[in-house]
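Visitor: The whole structure should be built from the sequences, with the hints applied where relevant.
Sequence lines, in order, name chains A and B. Quick note: the first sequence uses my numbering, first residue 501, plus one each step. Quick note: the second sequence uses my numbering, first residue 501, plus one each step.
Hints listed in this document are in silico derivations from the structure and should not be mistaken for laboratory results. Incorrect hints may have been included.
[Claimed, not checked] Here are a few chain A residues that sit away from chain B, every Cβ distance over 10 Å (derived from the structure):
1. R529
2. R550
3. C558
4. S559
5. Y571
6. I619
7. T641
8. E645
9. Y659
[As the list claims (entries may be wrong)] Each computed SDA-like pair below joins lysine to any residue, with the alpha-carbon atoms no more than 20 Å apart:
10. K666/B with V685/B
11. K506/B with E699/A
12. K506/A with E709/B
Glycine residues also receive a C-beta, built at the ideal position from the N, C-alpha and C atoms.
Protein chains: 2
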Amino acid sequence: MKREEKIPARTIERLAIYRRQLLELKSNRLSHIYSHQLAELANNTPAQVRRDLMIIGCSGGNPKQGYGIDYLLNSINSILDNDKAGQIALVGVGDLGKAILSYSNYQRSTPSVAAAFDIDEEKIGKVIASCKCYPLSEMKTKVKELGITLGIITVPSVYAQKVTDKLVSAGVTGILNFAPATLRVPNNVFVERIDITMEIEKVAYFANEYSRLGK
Amino acid sequence: MKREEKIPARTIERLAIYRRQLLELKSNRLSHIYSHQLAELANNTPAQVRRDLMIIGCSGGNPKQGYGIDYLLNSINSILDNDKAGQIALVGVGDLGKAILSYSNYQRSTPSVAAAFDIDEEKIGKVIASCKCYPLSEMKTKVKELGITLGIITVPSVYAQKVTDKLVSAGVTGILNFAPATLRVPNNVFVERIDITMEIEKVAYFANEYSRLGK
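Guide: As structure tokens, then:
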């Protein structure tokens, strides 16, 4: 596809999910899949799957076999991965930070967490889930040295802006923020927030709606 | 508002975010706010804020003072909270589960986590972040006893479906799933998934797009 066309954020999210499902199918030695099967695995509709795959230039599958799994994986990789995909700095090695470190190293995701940062003397210098923990004062150096372009923020919300400023001034251009705080960043920095309290309130609302409407 | 009108999921998400910002403003003794101020705090546009508030029946604020904060809070509470808002069961007390327990008890969110479940004998019977940990075999009893209607799943993905089935058969109708697995549930159960790997891949993609387009 022409890289000038903008791919919607929701499509990017779904492509990441398709990729994980396809990798799992491939590890189970499957070679082809129909859109309705992929839709079921991704909790989605066949029409949506076909639309997403069309956006990234995947032509319709063979009616007898469906889409080739390797073909889909190559196409998705060409969108989601790129030479510039850098490494991640995780800031705040509490329970949540540790959970993400263990998880991301277990999943061998690209990009992966290359360095952790904390202010706690007990943690600094230690290796936690295969990732070394550094003091905040070394952030600038480590970001350059390790080719870090992304940050994950798992600090208490009062520190979130300070940590963001440090990450941005070290050269990070994408941030995944778990702190319940709205971050101010320059225009060229992308921030995504995972707001666990909000998600719980949303589930509570819709769980109630579903039972109220007898859906 | 007429409760028959369906409120979009994205509006519900934003209402939860507005509420948190409004509570913080209130604790700082503010009484009124303009839509553009709330938009800035919620990382949103003034038009979107006004639309969301209109959906829940909040009339435009006073041009001299903006919206009354108590008025907005009451209106949002009447949508997000309800008599049936139950308690939460969290299943899987690993790093992520512990992080959510400490966080949700610190935030005093409604609903809150009333019971934790795990298979690890070391954890069963212990109180972790003010929350008692029970064996899976007691799920049905505890769900009934404590008025639990929601579940949070923080187990490895291979166990996620099994845990879901147990939660659903115990009477849970809303699930927040952190396991990278697509869950099968009956039609009357609402599932929301937080997919950390997908979010990281999304941030990586857009961080790169932003720097590529020089945005």
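Visitor: Decide, hint by hint, whether the structure agrees.
Guide: Consistency of the hints with the structure:
For R529/A, the condition that its CB be more than 10 Å from all CB atoms of chain B holds, with the nearest at approximately 19 Å. Every CB of chain B is more than 10 Å from the CB of R550/A (nearest about 18 Å), matching its label as outside the interface. Against the 10 Å criterion, C558/A stays outside the reach of chain B, whose nearest CB is about 17 Å from its own CB. Consistency note on S559/A: stated as away from chain B, and its beta-carbon is indeed over 10 Å from all of that chain's, at 23 Å minimum.
Listed as a non-interface residue, Y571/A keeps its Cβ farther than 10 Å from every Cβ of chain B; the least gap is roughly 20 Å. Distance check for I619/A against chain B: the nearest CB is about 18 Å away, which clears 10 Å, and the non-interface claim stands. Residue-level check passed: T641/A sits 21 Å from the nearest beta carbon of chain B, beyond 10 Å. No beta-carbon of chain B comes within 10 Å of the beta-carbon of E645/A; the shortest separation is about 19 Å.
Non-interface call for Y659/A relative to chain B: holds, since the shortest CB-CB distance, roughly 15 Å, exceeds 10 Å. Distance restraint check for K666/B and V685/B: the Cα-Cα separation of roughly 11 Å lies within the 20 Å cut-off, and the hinted pair is therefore satisfied. Straight-line distance between C-alpha atoms of K506/B and E699/A comes to about 18 Å, which keeps the hinted pair within the 20 Å bound. A threshold of 20 Å between alpha carbons decides the hint, and for K506/A with E709/B the separation of about 9 Å falls inside it, so the pair holds.
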